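Participant: Chains as they are written, first to last, in our numbering: chain X, 1 to 311; chain H, 1 to 311; chain L, 1 to 311; chain F, 1 to 311; chain C, 1 to 311; chain B, 1 to 311.
Simulated from the structure, these hints should not be mistaken for laboratory data. Warning: the hint list may mix true and false statements.
[What the hints assert, rightly or not] Here are the simulated distance ranges between beta carbons:
| hint | chain 1 | residue 1 | chain 2 | residue 2 | range |
| --- | --- | --- | --- | --- | --- |
| 1 | C | E169 | F | E169 | 54 to 62 Å |
| 2 | H | E108 | X | E169 | 41 to 49 Å |
| 3 | B | R310 | F | S109 | 53 to 61 Å |
| 4 | X | E169 | H | D194 | 50 to 58 Å |
Bear in mind that the values here come from a model prediction, so they are computed numbers and not experimental data. All C-beta atoms, glycine included, are put in the ideal place defined by N, C-alpha and C.
6 protein chains.
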Amino acid sequence: MADPAQSTPRISGVRSFARREHTRDLNGVNAAIAGIPFDTGASYRTGARFGPEAIRSASVLLREWDPVLEVATLEDLRIVDWGDVGLTPGDAELAVSQIAEQLAPIAESGAVPLGLGGDHLVALGELRALAATAGPLGLILLDSHADTWDAYMGQRFFHGTPFKRAVEEGLIDPSRSLLAGMRGPSYSAADLEDARALGFEVLPYPELAAGGADAYGELARERAGDGPCFLSFDIDFVDPAFAPATGTPEVGGPSSAEALGYVRSLRDIDFRGFDVVEVSPPYDGPGQVTSLLAANVAYTMLGLLALRRRG
Amino acid sequence: MADPAQSTPRISGVRSFARREHTRDLNGVNAAIAGIPFDTGASYRTGARFGPEAIRSASVLLREWDPVLEVATLEDLRIVDWGDVGLTPGDAELAVSQIAEQLAPIAESGAVPLGLGGDHLVALGELRALAATAGPLGLILLDSHADTWDAYMGQRFFHGTPFKRAVEEGLIDPSRSLLAGMRGPSYSAADLEDARALGFEVLPYPELAAGGADAYGELARERAGDGPCFLSFDIDFVDPAFAPATGTPEVGGPSSAEALGYVRSLRDIDFRGFDVVEVSPPYDGPGQVTSLLAANVAYTMLGLLALRRRG
Amino acid sequence: MADPAQSTPRISGVRSFARREHTRDLNGVNAAIAGIPFDTGASYRTGARFGPEAIRSASVLLREWDPVLEVATLEDLRIVDWGDVGLTPGDAELAVSQIAEQLAPIAESGAVPLGLGGDHLVALGELRALAATAGPLGLILLDSHADTWDAYMGQRFFHGTPFKRAVEEGLIDPSRSLLAGMRGPSYSAADLEDARALGFEVLPYPELAAGGADAYGELARERAGDGPCFLSFDIDFVDPAFAPATGTPEVGGPSSAEALGYVRSLRDIDFRGFDVVEVSPPYDGPGQVTSLLAANVAYTMLGLLALRRRG
Amino acid sequence: MADPAQSTPRISGVRSFARREHTRDLNGVNAAIAGIPFDTGASYRTGARFGPEAIRSASVLLREWDPVLEVATLEDLRIVDWGDVGLTPGDAELAVSQIAEQLAPIAESGAVPLGLGGDHLVALGELRALAATAGPLGLILLDSHADTWDAYMGQRFFHGTPFKRAVEEGLIDPSRSLLAGMRGPSYSAADLEDARALGFEVLPYPELAAGGADAYGELARERAGDGPCFLSFDIDFVDPAFAPATGTPEVGGPSSAEALGYVRSLRDIDFRGFDVVEVSPPYDGPGQVTSLLAANVAYTMLGLLALRRRG
Amino acid sequence: MADPAQSTPRISGVRSFARREHTRDLNGVNAAIAGIPFDTGASYRTGARFGPEAIRSASVLLREWDPVLEVATLEDLRIVDWGDVGLTPGDAELAVSQIAEQLAPIAESGAVPLGLGGDHLVALGELRALAATAGPLGLILLDSHADTWDAYMGQRFFHGTPFKRAVEEGLIDPSRSLLAGMRGPSYSAADLEDARALGFEVLPYPELAAGGADAYGELARERAGDGPCFLSFDIDFVDPAFAPATGTPEVGGPSSAEALGYVRSLRDIDFRGFDVVEVSPPYDGPGQVTSLLAANVAYTMLGLLALRRRG
Amino acid sequence: MADPAQSTPRISGVRSFARREHTRDLNGVNAAIAGIPFDTGASYRTGARFGPEAIRSASVLLREWDPVLEVATLEDLRIVDWGDVGLTPGDAELAVSQIAEQLAPIAESGAVPLGLGGDHLVALGELRALAATAGPLGLILLDSHADTWDAYMGQRFFHGTPFKRAVEEGLIDPSRSLLAGMRGPSYSAADLEDARALGFEVLPYPELAAGGADAYGELARERAGDGPCFLSFDIDFVDPAFAPATGTPEVGGPSSAEALGYVRSLRDIDFRGFDVVEVSPPYDGPGQVTSLLAANVAYTMLGLLALRRRG
């Protein structure tokens, strides 16, 4: 195989995701990377609007072959960098609509969108775009928070509410969903009960860790069934030593090796969309480990897609 | 005089502005410091929501006597740290109303509010609170941008529009106002003309620098007249070497010494409110020079108040 | 339950520990957070004098309910932020006396003090204050160093000696104490023997890790018995990837998840005081993971107190 | 005029210089931005290979109208982002050839190349490409070093030698050149004499500063005459407070305002190429002031081009 | 032994490795620390030329006694800091020759050189110096990359090729070598096969982790046999949370505790040389955890030597 | 003279000041650089104990010829790096004695010591060592604070008191002294009066700036007369944009160019000792501009010595 880095070194060039072509032409495309530079939904640290830029920068280190999934992800799939959604500042509710509207052509094209957040509210826009063509999706969430609150200070559109809204709007099917990784102090013992009352299966982090990746993958497949699904990875799922650059970090989480293991376990699920969210670059150190991890999470998601496509 | 640092060193204690009492009791208070942790109006870098915390942290280095203004600012005035405005996230327009409503009691008490931003949209909320008791105010602005746009991507409430809105709402009197320091690439030659068309006097940075602080102070007094005024200092007025931690930096501006000189020149104006805005701490280096400068700008504003009160 | 963050978002306000009331009124108080901004005892990196400020800043992310201990820590206990001890600079021995004297009223009130260091020498002052009312305490220490040296360059009061001094002064009962987590290069094989010769049980990190949290908790309870105890957590116990911001880091330690597990295992011990020490904020990255971990360690200590009080 | 930021905010999108089109189609193009990610010629700090990425990132803040030059730079010129040169690592001499070869089509097209360095050795490659079509160029250099050494440790191709090589190769005409801004400790008093012996006019920084921008511009025009010229701006010309992120910083230089003033003074010279070099992003603080300044220097160079083209 | 830190605290003095004497006198020396400030072989991030300085700085925290290996490393061995190799910039191939030539006297003296990199290409120079006296060495490599490529962009001397060159030059004996820790996306499935085709045993990270340190040590001893060996530790073997400051980081690796465990397992091998490479200080956070880990890796290598010498 | 960087590049080697020999042999030495790693006297930020290391690191960029003073500083003088003073931690008063005792041999040898701080209290130890052989010295101080307080929180030995102590101890002659550069908020209008009451001439920064370097040099020479003098440069004299890494920064000061100009103006004074103090490296950004400036200040002091020696 021709190795593009042998003709142009990886330090060269305008940064597109994994050095893929930057185009809005979706013809023949399997997966489209879409940046969603948005942090107006964040309750604590902002900065996630620069997440797409930083993940793209780190992603130039990615290469064709995934030696764990054993698939030539960047060769087997035609992947393009679609660019970014353009959003009006200062209005979270409007932004969700703009995301849905702008991503709709990707969903309609049959390409699988992979969203680079942005705070977690962006998932609501993504789900609107996907559900419009695929119907309600099963939600597979790895996150230290369930994001199923009703409102915060009266605001119904912020990064703690997307999946409550998505259930209300019929975009996701809780009975085919699995929320895993929740940890950290919460407002009350009822927090996770609220998510369960919506119909979600919830696997707090201590239980997830006790079971390990294989059991998790099994449970996810069981929940997901054969229907279309969405995989959302909030970088705060990972311990802050591995992902310091995020909006609401929670100590005591998995390592990056463990986190990637959970993602890799999600084979044989019909994912119609992905996202990696809550990377806030101003809070990364000079080694930019958070963005690098996020790029690898996205790459692993694409590997799942390549594997499934290979059948 | 008893020196508080002689009984409790400056590194000690919960951080309130300049080690002043943290209270909402405004009885007998001359100036009330109010944090406005808001960055939903920012078009580029966010993070200004942590401005109040960072400025308070840096302000513990301030001391009683201002040797240039020759006034014992922290002794002559009774100054309290009022705490922060509480804002709903994700809705810029709503936040402006919340700021106005929550700051109203300060304006009504006769204490002079000094707002610690927060992005520049917070000024609109401050002006609403002040104009409700004082009537239209003259605006004395030091900023590298005029912030008199009409809208951005359709959004009428963002950090580039507060003074257009304020004029429309009758909160400020352009004929008694002076916008100074504008520099940097703009969308068109008309940008400053729009501000002038609203009735503002506009002094771009090259002209400001050519005239110097004394001429500036003279012009400001002339514009302001005897009526009530508001002094707003956007930290991006200063060159990024001196204030890197800001949302939309513009290279080629004044030093901190020069910037403080412009503020000190504004004697004998009836300021009813002040703010220092656009400090975005995640973009400061470990030396935290931006927050330290902002604390000194606020201190100098208070010195102007102490001088005027002394008469 | 009323959620305070629903009326005032967590980014707002003067930073007190976990958004608790900042007061010196100890009436009805169960636990009092006391900052001890001191680094004059440090042998290598200083900066721990800013530990209290940084831990308070990170602690605004804490919330009422601890889902692992299953206790509503911030609701069940009345916790106040007592503020900071005021210390004379440049004299380590004097500072220890000042800490003891200023913290005495907390110990006398019956509230449990939780000290936020400051370098580890502060523990000697805390122990003096506590032992004056409770008598000799069992010491439960998690630290990568035993801190039982006799002197350094002739200095008997520095951060490697507090527990030797405490034994000499009769403040702690080595027979009811457990020092765990020691690792890293030392001056000689005798280092830990010196601690054992004082009567301490010493559990080096490899043995601690081999046994795990449950065995550790069991051993600690056995050592502690029914008498009053003090729990001291030096943040350098944790691996520097999780806690880079400390004075004398030692690589090869536990993760934050593991470290919190050791703390959680310490149920059913009569702790009369706690501290979290050696957080040196200038050495944290922008993600401030060390301070965030320290805040969670303190929160978990308070959870132990809440559990015990619940009985 | 349609403002592109009004339909797509500046935080959106794959980063090309000043949000210009990223293409290698030079048809009708006035200026082509070319990144040269190279730091193998650096004698002290490396990192300049990430200069093009960082300058592009900062350049999204640029806008159409330059209010000091009074020209609509981004409107009047058709500017494209040509992408980066691809270089073999570990061989400085080879890299110079690769730069020359790859940039040749730009020079041949008639578009003016603006190189984003990269260490200063890249200028030798640029000059080869330009001189091949234009003949020997006058060199207008703003730099704290003359870069006219013969060799370093035996290496004739490193960032202190490009202009000696360029004279030897007949790429520049010293008699139409001006080297200005030299300062800082040197190996001997002869350093600048060597440059003068090659035929260059040399204006050390103290003399440049004493004369000011107008005199400098006058002298440059006099030297340059009517022939084709190259303008090279080493970011270490500016004081490290304004440009910390560079390979061999020299304290005691001009501010960013002064530095831009020198560039603006260079009207009415027939520049056929430009570069901004020695930006080493790992040494920038989080405010990224160096990259922002470099983007503005490049923008000002383009403004000179737009003015000359307007005639 | 008298503890030097008791007469001179560790924060004092010009930084030599572990406060050892800085001399080129190799008489009676067991191990000589040699810095190799070189990053011209790096394909992505540079900066490793400052690795020796940063590792020396962190190494002042090391002390005499290694409590895990149970050996008084700094007492039992006479270790000197030999200083740094002097290299011509900009020519990777030449630098390799210079390293070989300058290190030859160490190899000839019988002292064991411990190289502080520098990017991994420096190993080729080290191996040339060692093989000249010892003959072909077994290579024990801990690294996330095998570094057995043939060329990159035509360059045969860069940090991905040293071990291919070393095999070609007869410096190492693949049949007595073990490459362990490889992970991360690669150009193709064949990458590791190429290394195996050269005769190397390759243990990718998942297999290494599954087997653990004891099995690894056993396998290494088996491969190494009784002949002379070289131990090379690329800091990117460790997860970027523990070692962010490196040239081509790969997420999902071992912790520092695990990494040190692998090194400690390598007892009873006849190591004639060591290195720790690819520490790039500009990418470390303020806590400098990468350099601290590298210093501890070097210390552990020296401990292996002390143990073997003790017999 | 042979240029050492031509045989060993500046990035190589154990860091001694300006690559000078590291020795305690003072035979024939004109100037001895002595690090004083001490920050126990600091009232706000600590970290200055790492000042000597950081200044040495930056000083490798210095070269032989000073083009402004027109003297070959590093050639004309025999300069050695004497290493660091060893200090007992935690006791400021004792440390002053240790500094005096350890530096005495330098003063007695006739070499001129140049102290690298450390916080400003170190000057008291230096002055004791110097006055023991030279008698009372004139003090030429550039600093934003006069450091003539009597005590702080009861502590008579801290970084705000050295010059009061020095007067009391008869080490300096206030009538031959000049304190210049004072600025920033103070406890009262009397602060500078206290310094004047001790007999010092005090030139606050606004007056210093108004007069410029030549007038300052003239005044200093007039005050100093023919007697022996000490030149102390507190890096906080410079504006924090140029020197962020310091213990108690004051905004609104001179640029590095201006600051160096003041130092250069001090020709023809009989300096017997120098120091550069209050550099606190943890507060520097990655560009390390503060340490670089401090290295250049020290270099300029040495240049004054070289000029005077040349006569």
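Participant: For each hint, tell me whether it holds in the structure or not.
Facilitator: Structure-based check of all given hints:
1. C:E169 x F:E169: 54 to 62 Å: violated, 36 Å
2. H:E108 x X:E169: 41 to 49 Å: About 43 Å separates the Cβ atoms of E108 (chain H) and E169 (chain X), which means 41 to 49 Å holds.
3. B:R310 x F:S109: 53 to 61 Å: holds, 58 Å
4. X:E169 x H:D194: 50 to 58 Å: At roughly 41 Å between Cβ atoms, D194 (chain H) and E169 (chain X) fall outside 50 to 58 Å, so the hint is violated.
In this structure, the earlier hints numbered 1, 4 are contradicted, and the remaining ones agree with it.
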